[in-house]
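Peer 1: Chain by chain, the residues run as shown.
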Amino acid sequence: NAGVTQTPKFRILKIGQSMTLQCAQDMNHNYMYWYRQDPGMGLKLIYYSVGAGITDKGEVPNGYNVSRSTTEDFPLRLELAAPSQTSVYFCASSYPQGATEAFFGQGTRLTVV
Amino acid sequence: GENVEQHPSTLSVQEGDSAVIKCTYSDSASNYFPWYKQELGKRPQLIIDIRSNVGEKKDQRIAVTLNKTAKHFSLHITETQPEDSAVYFCAASMIKAAGNKLTFGGGTRVLVKP
Chain X
1 NAGVTQTPKF RILKIGQSMT LQCAQDMNHN YMYWYRQDPG MGLKLIYYSV GAGITDKGEV
61 PNGYNVSRST TEDFPLRLEL AAPSQTSVYF CASSYPQGAT EAFFGQGTRL TVV
Chain H
1 GENVEQHPST LSVQEGDSAV IKCTYSDSAS NYFPWYKQEL GKRPQLIIDI RSNVGEKKDQ
61 RIAVTLNKTA KHFSLHITET QPEDSAVYFC AASMIKAAGN KLTFGGGTRV LVKP
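Each protein sequence line maps, in turn, to chains X and H.
Read left to right, the first sequence gives residues 1 to 113 (this note's numbering).
Read left to right, the second sequence gives residues 1 to 114 (this note's numbering).
It is worth saying that the hints were derived from the structure and are not from the lab.
Every clue listed holds true.
20 Å max Cα-Cα, derived DMTMM-like pairs, lysine to aspartate or glutamate:
#1 X:K57 to X:E79
#2 X:K57 to H:D27
#3 H:K37 to H:E79
#4 H:K57 to X:E101
#5 H:K58 to H:D84
#6 H:K96 to X:D56
#7 H:K37 to X:E101
#8 H:K96 to H:E2
#9 H:K37 to X:D38
#10 H:K22 to H:E56
#11 H:K42 to X:E101
#12 H:K58 to X:E101
#13 H:K22 to H:D49
#14 X:K9 to H:E39
#15 X:K44 to H:E5
#16 H:K96 to X:E59
#17 X:K44 to H:E39
#18 X:K44 to H:E2
#19 X:K57 to H:E2
#20 H:K42 to X:D38
#21 H:K113 to H:E83
#22 X:K44 to H:D27
#23 H:K96 to X:E101
#24 X:K57 to X:D73
#25 H:K71 to H:D27
#26 H:K58 to H:E83
Fair warning: this is a prediction, and the values are worked out from it, not measured in the lab.
Okay, chain X solo, but in the shape it has when bound (with noise of 0.2 Å):
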């Protein structure tokens, strides 16, 4: 049982460059998130899904898009990258209703320079 699997786990990108995030999760979990984490700081939440077909935005969602095709994945897009995105990103997923643990992928350092 893999869990949450984020690929790539290091990335650099130049400026307005674009890039997309994965994120793919075997457990079956209908809720899906995408946290970012600058230096120092909490997680901030960038989009949510509550199941294929439909996102959300969070507290942070400037700057990114996603979609949820499929009850596993859930990539996360960035278009015309900026060092303010310089962050780790996390993917989490979670069951439906009531109060569960939010799982989380091992991370995406991206650096735009």
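We have chain X already, so just place chain H on it with the hints.
Peer 2: Frame of chain X; chain H shown alone:
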């Protein structure tokens, strides 16, 4: 939206002593409060959580207390060990069908000195 404040930002304790981290939240509708531990370069992992219908929960050396009236909750680690050194995050959410979105505090870096 919800806002979670966490204090202190850093905490240094001697091995064997206790550590206490405090969080306050702003939205009285929040009803789920997990604590995550993040070791250097690793993913956050849940260590304990509490629902709003419970005032205290304990799991071996860690415990969490919740004061709904004051809107604050705390993590207590007793008999600290070097492996407790990590960053700890509190979070709050309101459980509902539209998603159990977590709002995190800023984190507390705990250093346990041998």
